[in-house]
Amino acid sequence: MRVALFVPCYIDAFEPEVGIATLKLLRRFGIDPEYPFDQTCCGQPMVNAGCHNEAKATEELFVRNFAGFDYIVVPSGSCTHQIRCHMTAIDQTEEVRQVRERTFELVEFLHDVLKVDGFPWAEFPHKVSYHNNCNALRGIFHGSMSERREPPYSKPLNLLRMVKGLELVEKARPDECCGFGGTFSVFEPAVSVKMGQDKVRDHASAGAEYVVSADSSCMLHQQGCADRLGLPLKFRHIAQVLNGDRA
Amino acid sequence: MKESHEQRRAKDGLPALLHEALGTPDDGGAKSGSGERLTHGEATSRPLQPPPPERQPRGAKVHHRRPVDHNEAAQRFIDAPRHEKMHDERLWDLRQKRDRQMHGIPEWETLRELASSIKQHTLAHLGDHLERFEAQASANGIHVHWAQDGAEHNRIVHGILSDHGARRLIKSKSMLTEETGFRHYMQGVGIEVIETDLGERIQQLDDEAPSHIVVPAVHKLRSDVAEVFARTLGTDPNNDDVHYLAEQQREKTRPLILGADAGMTGANFAVAETGTFVVCTNEGNADLSANVPPLHIASIGIEKLIPRIADLGVFIRLLSRSALGSPITQYTSHFRGPRHGGEMHVVLVDNGRSARLGEVDFWESLKCIRCGACMNTCPVYRRSGGLSYGATYSGPIGLILDPTFDRRRYSSLPFASTLNGSCTNVCPVKIDIHKQIFAWRKALAETHDIGLGKQALMKAAGAVLSHPKLYRAAIATADGALKVLPDFAVTNRLNTWTQGRDMPEPPRETFHQWYERTHGGEEGAQ
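Order-wise, the sequence lines are chains A and B.
Convert by adding 10 to the 1-based position in the first sequence; the result is the number in the working numbering.
Convert by adding 73 to the 1-based position in the second sequence; the result is the number in the working numbering.
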């Protein structure tokens, strides 16, 4: 089984430890992913702004880097959603189709492909509020959605419940958007910041010490809001918690 | 911009208040004779002051042909924290009530699917259903008119009113008449229009458009309504008791209703099979408008058709549950024909609808039954208010309807969304709203209607992100990374990121550098 690791540009630049935790976590399950060296970005920043033509070359580069693998693992629900659902600026050749189909977000890969049944090395004795990225939740269906009448389920929570000592807390608005929204965060700063403030206050009111998510982009935004408000929240990517990284 | 209490606390290194109401604005604390702040032990405690009155934030500023600046209007809404908080919490409450109704109906998702299919079928055969409606309605004694656009609609209604010498028209709530600028037109030809829906009446008296398609004055506090009524109806400006205000409005408006020459309603559904139409209200005001005067005119958008009376139950079960979280509206009134000695007219209005029906990506927006559920759930709408969109329709449904009316002016609206997808999930007729918002961004970028600066920025980002060496060089430093990763960057201006957020900590090395240095963590650097 040939597995590739895609480290999204945010994580590469701002949260390298998330990429490192993902790599080490996969190795714990006997998978040694390859890291294609010329990787950059999935094209989402441009596509999110409507600029599909401007994303074309970046999408082409992505496919060149990741063609031929059985699985492409991404520690981001948002980038996975872009690749699987929106990577349409380029011609949809067989190769492109395969790359898109074989791309999995880390939680999905652990939960649905590897079907892992424990993280005996991991311990996280803290109160955790889980943040659902909207693309992870409503785009690639990480869990049931509060708006729908469907049986409740959550892939990330199923995994986190296997971590010793970890206590999940419940927010008042569990799956409301945090206001990051990609380019929204800079072109609509007023609402973006207000949504972020409301979100971090909701985490804090629920008694959370840590916010955990499968997406670093939402957490960069929320951390910025929490720090500005002086709320003592800490943020960790789910890969770090599952890998047993020290808090 | 005026510094908020919260910002000041942040500057002073104090944590945020979880209960902002406990913070007294402009409270510098007790001072000693020498002007120094007294410590807690020295100072005397004092009661919290009531907050000063907060003026109602107004909507988006209109600049001819310039795209609406939603962010600017949203900032003013957020800077009125009592309004913003009330608005957010009130609409979130409606969303939660809607959820409770949904959980009471095991077949909820099937109902949505059915409603969507009925609407898809109807729109695919719209011409046939419209002709059938016309034939049946005519047979019932209704005069049926066709209007190509808003202007023609207004002329037709004016003509009917002139024929009857009508000087005063009472009407119930209709988004279609907002589209056509009906009240403004009627004012120009000297016909008095009285809105009978309470919220719409408040908005009419305040000369403001409805901010929500179901609850048009939802952005106003009680104190705002008291101010409007005091100014226009002569009520006590210091009394904002809701019962007092509602009663006063009723006392002042009821005589106007009883003396009206003509009545007007919209319609929630028009049934092709029977030539009848259905109006759903909670105040019974549509029935007043339709039944008090001898002349009833109904303005109906052509997308309101459903094929059979048997289909109606599907929509009635969904409509009020989605809109207000109540099982059904207080009144579901069926109109079949004129009463004895009276006259009934129906104006079927296109106003851009048949053109939209031909658009592959956007035609499904015509399934909309105007319940407002997408607005209630939208985190952006709840925090910016309906008037910040500067358009007839606001919230998620507005983002995809408004650009069909004026592509340039509303080109900014599809960007007033985080694409979180909650709107699509609550839509009772399964319009893929957030996917259409996404598609609108693409369509607008293709015709260069998203702003040249933004498009140039994206082009530059695309050039860097498609060249590994340029990308590596650009993100080698945190500053560089912030410039190249377009989500964080805005050209030549202060980074808007820092407006309410701190910058992320710069990393010592990128993941790529770590991988190169340690060969993926395998050599030494564990």
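It cannot be assumed that every hint is accurate.
[Unchecked claim] Each computed EDC-like pair below joins lysine to aspartate or glutamate, with the alpha-carbon atoms no more than 20 angstroms apart: (1) B:440 to B:201; (2) B:134 to B:252; (3) A:244 to B:578; (4) A:181 to B:161; (5) B:170 to A:160; (6) A:34 to B:201; (7) B:503 to B:161.
Note that these hints are calculated values from the structure, not bench results.
Keep in mind that this is a model prediction, so the values were computed, not measured.
- Message: So, against the hints stated earlier in the document, which numbers end up violated here?
- Response: 6 and 7
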